[in-house]
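Trainee: Assemble the whole structure, with the sequences as input and the hints as a guide.
As you go down the protein sequences, you meet chains E and S in turn. Residue numbering for the first sequence follows this note's numbering, beginning at 4 and increasing consecutively. Residue numbering for the second sequence follows this note's numbering, beginning at 1024 and increasing consecutively.
Keep in mind that the hints were calculated from the coordinates and are not lab data. Check before you lean on any hint, since a few could be wrong.
[Said to hold, decoys possible] Computed from the model, here is a short list of chain S residues facing chain E with C-beta under 8 Å:
| id | residue |
| --- | --- |
| 1 | GLY1150 |
| 2 | GLY1153 |
| 3 | GLY1154 |
| 4 | THR1159 |
| 5 | SER1162 |
| 6 | THR1164 |
| 7 | THR1167 |
| 8 | PHE1210 |
| 9 | ALA1259 |
| 10 | GLY1269 |
| 11 | ARG1270 |
[What the hints assert, rightly or not] Taking beta-carbon pairs under 7 Å as the criterion, some of the chain S residues facing chain E (in silico):
| id | residue |
| --- | --- |
| 12 | GLY1158 |
| 13 | LEU1262 |
| 14 | PRO1266 |
We put the CB at the ideal spot given by N, CA and C, even for glycine.
Chain residues, written in single-letter form:
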Amino acid sequence: MSEAVAYAVDADGVCTLTLDLPGKSMNVLNLALQSGLRAGIERALDDEAVRGIIITSGKPAFVAGADLKGMGGGYDFSALSDAQLLEQTLSLSMDLRRLETGGKPVVCALNGTALGGGFEIALACHYRVVADDPAIMLGLPEANVGLMPAAGGTQRLLRLIGIRAALPLLLQGRRLNPAAALKAKLVHEVVAREKLIETAREWLLNRCDAVAPWDKKGFKVPGGAGSLNAELNGFFLFNNAMIRAQSFGNLPAPEAISAAVFEGAQLPMDTALRLEAKYMVKLMRGSVSGALIRTLFLNKEKADKLESRPEGVEKVTYRKIGILGAGTMGAGLALHAATVGLEVVLLDRDQASAEKGKAYAMKRLGRDVEKGRKTQEKADKILARIYPTDLYADLADVQAVIEAVFEEREIKAAVIGKAMAVIPEHVIFASNTSAMPISGLAEFSVRPQKFIGMHFFSPAERMPLVEIIRGKQTADETLVSALDLAQAMRKTPIVVNDSPGFFTSRFIGAFVSESLRMVEEGVLPALVENAARMVGMPMGALAISDSIGLELSYNAGLQQARDHGVRTPPLGIIGKLVVEHQRLGLKSGKGFYDYEADGGKRLWPGLEKIYPPQAVQPSIEEVKTRILYAQLAEGARCFAEGVLVSVIDGDLGATLGVGFPTYLGGPFSAIDTLGVARVVAECDRLASLYGKPFEVPQLLRDMAAHNQTFYGLKAVLSPGGHNLAPPR
Amino acid sequence: MAEAFIYDHVRTPRGKGKADGGLHEVTAVQLVTQLLQALKDRNDLPKDSLDEFIAGCVTAVGEQGATLPRIAPIMAGFADETAGLHVNRFCASGLEAVSIGAAKIMAGAADVVVAGGVECMSRTPMGADGGGPWGTDPSVTFHTPFLMQGIAADLLATLCGFTRAELDAYAVTSQQRAARAWTEGYFARSVIPVRDVLGMPLLDRDEHPRPDSTLESLGTMRAAFEDMGLQYGFDAVALQRYPQVGRIEHVHTAATSSGIVDGAGVVLVGSAAAGARLGLRPRAKIRSFVSMGSEPQLFLTAPVPTCKKALCNAGMNVADIDLWELNEAFAAVPLQVMRELNIVHEKMNVNGGAIAFGHPLGATGAMILGTLLDELERRELQTGIATLCAAGGLGIAMVIERV
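Mentor: And the structure:
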C-alpha cells in the first residue's frame, strides 16, 4: 500500500482512504498522491469486506490543488505526442470515473480546503460532507492559472448545478466557503468538524446511493443543454461576447472552458470526460498557463517570501512607521499600512492637510463597512492607528520613514532634512518618488547609507507591487530593512538599481512614448489605443496620459529639460495639447479624449487636425508589434544595463506594477516564449523603420547566438550581478 | 444553354410579426398554399405543369420546418410529382430560391419552377432554430467573433460616418414612398389578400408602414442597440476587428431597422419553351444571379461586391441599371450601397422598402424581385437589380431585363 494514502476498514465494512502525503504539510495532487489514490480505490472496490468508502485527508487541508511548483513555470510538453499527453491528462479523470462507477458508495469527508484537483476528487464522490469552518475554501480555480479542470470538474459541475450556475464559477475560478458551497449545491451537508466522519459513516450505512445522478437513466442536465434551449443560447451568446470583449482573444482558458461546457453537456459522461481532457491538452500546448504560473505564482511567491534576503541580517519587526505627505499616495499608504496593523505617523506641512489624509482613510473604511466588507469595530481600530500631525518630533520613535511629498527637489530636500534630524540613526528613509534619482535625493540626507527608494503604486491600498531602488550609497542593511518593510506591508517587492525612471517608470514610458510617437506620425489615434488594448494593456497610452494629467506630464518634462539646461524645449504632442489647446487631461474633462458627464469618453477629433492621419494606415498587427516590442526592447536594455538585476523582478514589476499583460508573464517571459532570436530580428526590422526605441542591447544578440534564454537551464547571467552581497 | 424567364409573381401583404398581427392566425404552409393557388388560377396552370416548388425560409423548425415546400404544392392542387425544396441563405433565401430555380431551368433540369419564400415571424420567432453554431458555440465564436446584426449596422454607420439624422431621413423617405405606392395602387396586381379558414379576407394590405413618420417623430426614438453593445461586450468585440474606430456610434433605432413581419412571396419561372407550351407571356429575362460572402462580422456589406459581380456576369455596368431594389435591413445598408456604387436615391427602392414594410426573412428576396419587375413595367424601363445582404456577411444579387 502506498504511504500517501492510508487504507483502513472497520467492522461495519466502511473503508477510509486518508490522503496524507508523507513529509509535506499539505496534500498536493502529485504523482505520489494520485497513484496512492488509485491503489486505494482499486483495493477498496476489490475488497469484499468493504461496503462503502470514505475519502478524507490527514492534513489540515483536504487537497490544495495541483502541484504548481512541481509543474514549474514555462513547462514544455513538446516531447509528448497529443495522444500521450491526452492519456497522461486523463489518468486522474479515469481513476475518479472508476471510483464513481465502481458500484460502491463513496462519500467525501472534506475536513479542509479542497481546490482544483482536490475538489474534483470530491465531485466524483457520491456524497460530500464538509466541516463547518468558514476558512475552508472549495472550488475549481484552474482558470486563474490559464488552465481548466480536467479530471471531470467541468462536466460534473455542470451536471450538478446546471450550465448557467457552473460556467461563471469555472470561468472566475471562484472559491466558496462551506456555507456558500452548500447554498450553491456543491456539497450536500455542512456539519461540525467533530461530526464529519460520523456523518459520512452514517450516510454510508443508512442513506447511501452508489450511482451518480448523471449515471441514472433519464438524467437531464439541470436547466438544459444544447443549442435548442433558447435561454442557454442567449447565455452563451453573451458569455462568448463578454469573454472576447475582455480577453481580446489573448486568454485561451475561458474559451476552452466554455467550449468544454457547451459541448460536453450534450454528451454521455465518458465521452464528455475525454473531450474535457482534450481541451486541457490544447491549453497545455500553449504558452499562457506556463507564463501565468511562473510569474504570478512561483516568482511572486519567491519575491513575497524574500527569497533573496540574506539570512545573516536580523529581521526588523515593524510596528510603527512615518509617512511624509498626506496627499493621494501618502493617504493611500497610511490607510494600507494601518490596515495591515502598523501604527502610522502621517505628517504634512500643517495639521489640516494631515487630517485630510486621514479623512481619506475614514471615507474608504466607511465604504467597506457599508458594503459589509469590514465591521465598524475593525474599521475603528484601523483608523485609530493613523496619527495625523505636522510635528516632525512625532517621528522620533518610528522604525522607518516613507516620503511621499510633491515631486519637486526643493520640497523633498526640505522634508528629508527635517525628518533625518529627528529619526533614530538606524531608521531607514524611503522616498516614494517615481522618477527622481535616489542617489541624488540621498545627497540631502545626513545618512545616505540609510536612504533608499520605495516606489509604491497608486492606489496604494490596492496595487500589489513596491519597487525598491537602491541608490549608490544605500547600505545592504538598509536594503534588507526595506525588504522587511515591504513584507510587513504585504507588498510584493522588486529590487532595482538607481537610474532615471528606475525600472517601472522607464518601462511604461517606452509604451507611452511609442504610442504618442505613432500619433505624431499620423497613425489614427483610435488604432493606437485599440492596439494597446488588444496587446493586453489595461488602457491605451492616450487614456493613461489623460489620467496622469497632461499638464503634470508637461511640467515634469519641462523641469527635466531645464535640469539639462534646455530653457525652451520644442513642444511635443502633450505640450501642444496643454499650451496650444488648453487640454490638461482627465481632471479638466479634456485631454486626448473628451470626457462626457455620463462617464463616456470619445477621442478628441482635433487631434487629427494637429497630426493629419496618414493616407495609408499601418496594419493593426504592426501597431500592436510596435507597442509590444518597444516594451520588450526597453526591458532588455534595463537588464543589460544592470538597472534590473533579476528578470524575475522585471517580470513582476512589469505585470504587477505597470499593466504589462500577465498572459505573457512579463517582458522576459515573453522574449523566451517568442524566442530570443526572433525578438532580435523583429527589433532590428522595427529599428530600421522606427529607430532607437527598438535598438536591442548586445546582450540579447549574444543570447541569441548562444541559444540562451532568460529563464531555465540555459539562463543568461545577470550583467547587474546580485542585489545583495552574499551573506556573511 | 436555356434562358430563364419570369412569367408572374404574387405576394401576400405583410402582417405585423406579433400576436396581434393580421396574419398571426395563418400558418406558413397556408400562406404559400394560397399564393400557389393564386398563381395556378390566374395563369391557368395545369395540375402537372409544375416541376418544382423552391421556398426560402430562415427559421425552418416546427411548422415551418422539414421541407415545407414539399407539401405546399400538393395542398394547392398540384400533382404529387411536384418536387419541393427548402432553401436557407438567411435573408437572401427568397432570392436564392429563385436563383436555384433559374439555374435548374438554364441547366435543362426543370422547365417550370415556382420559387420564393415564407416567414411567419410571429409564429416561429427568429432564433427558434437555436441560431446555429456562430454566436453560441464557443469554439466557433472564439475563432470568428460574432456581432449581433444591430451592432454591425451601427458599426457600418460608424465606419461610413452616417449620422443619426441621415439614417432617420432615409427612413422617412422609405415610409413616404411606401405610402404613395399603396395610395396609387402600384401593388394591386401582385398582392393577394390572405383568407382565413372560412375563405374570408383576413388581410389585404401591408400592415407595418407608418406613413405619418417624420424626422421629428423619428428623432425621439431610442438607439436600439446601445445597451446590448455596451453591456454585453459587443461594441468591444467590434472594435477588435475594426480598431480604426474609436467607439461605436449607436445611431440605428427601431424606425431605421427593418420590421418583424409575417408574409410570403412566389415567382413563376420557366424556360421559353415551357412558357410557349403553357401559353404564357414572359415578363422578364433573368440575366445573371450571384451569391457571395463578405467580412462576416460586419454582416451587411456583401451587396456592393455581389452587385458588381452580377453586373459583370451580365456584361453590364451600374449605369445600365434603371431601378434598384435593395433590402432595407438597416438604413445604413442602402446608404452605403448608394455611396459605394454611386447610385442616386431616385433609382433605389422607389416604392419604399423593408424599413416601411417589414422583412419576412425567407420571403423578402422574392417580394422585392416582384416589386422591381412591377415598377419597371409601370415606368416602362428595362433593367433592374434585386439585391439583399444576409447574415454572416452573405449577399445575393439578381439582374433582370424586361422582354
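Trainee: Now tell me, hint by hint, if it's right for this structure.
Mentor: Verification of the supplied hints:
The interface hint given for S/GLY1150 is met, as the beta carbon of that residue sits about 7 Å from the closest beta carbon of chain E, less than 8 Å. Nearest Cβ of chain E to the Cβ of S/GLY1153: about 4 Å, under the 8 Å cut. The hint holds. Interface hint at S/GLY1154: satisfied, since its Cβ lies 6 Å from the closest Cβ of chain E, which is below the 8 Å cut-off. With a cut of 8 Å, the hint placing S/THR1159 at the interface with chain E holds, because the nearest CB-to-CB distance is about 4 Å.
Satisfaction of the interface hint for S/SER1162 is found here, the shortest Cβ-Cβ separation to chain E being roughly 5 Å, below the 8 Å cut-off. For S/THR1164, the interface hint holds, since its Cβ comes within 8 Å of a Cβ in chain E; the closest pair sits about 4 Å apart. Against a cut-off of 8 Å between C-beta atoms, the interface hint on S/THR1167 is violated, since the closest Cβ of chain E lies about 10 Å away. Against a cut-off of 8 Å between C-beta atoms, the interface hint on S/PHE1210 is violated, since the closest Cβ of chain E lies about 35 Å away.
Checking S/ALA1259 against chain E by beta carbon gives a least distance of about 4 Å; that is within 8 Å, so the hint holds. Checking S/GLY1269 against chain E by beta carbon gives a least distance of about 4 Å; that is within 8 Å, so the hint holds. Hint on S/ARG1270 holds. Least Cβ distance to chain E is approximately 6 Å, under the 8 Å limit. For S/GLY1158, the interface hint holds, since its Cβ comes within 7 Å of a Cβ in chain E; the closest pair sits about 5 Å apart.
Against a cut-off of 7 Å between C-beta atoms, the interface hint on S/LEU1262 holds, since the closest Cβ of chain E lies about 5 Å away. About 3 Å separates the beta-carbon of S/PRO1266 from the nearest beta-carbon of chain E, less than 7 Å, and the hint is met.
Hint compliance for this structure: hints 7 and 8 are not met, and every other hint is.
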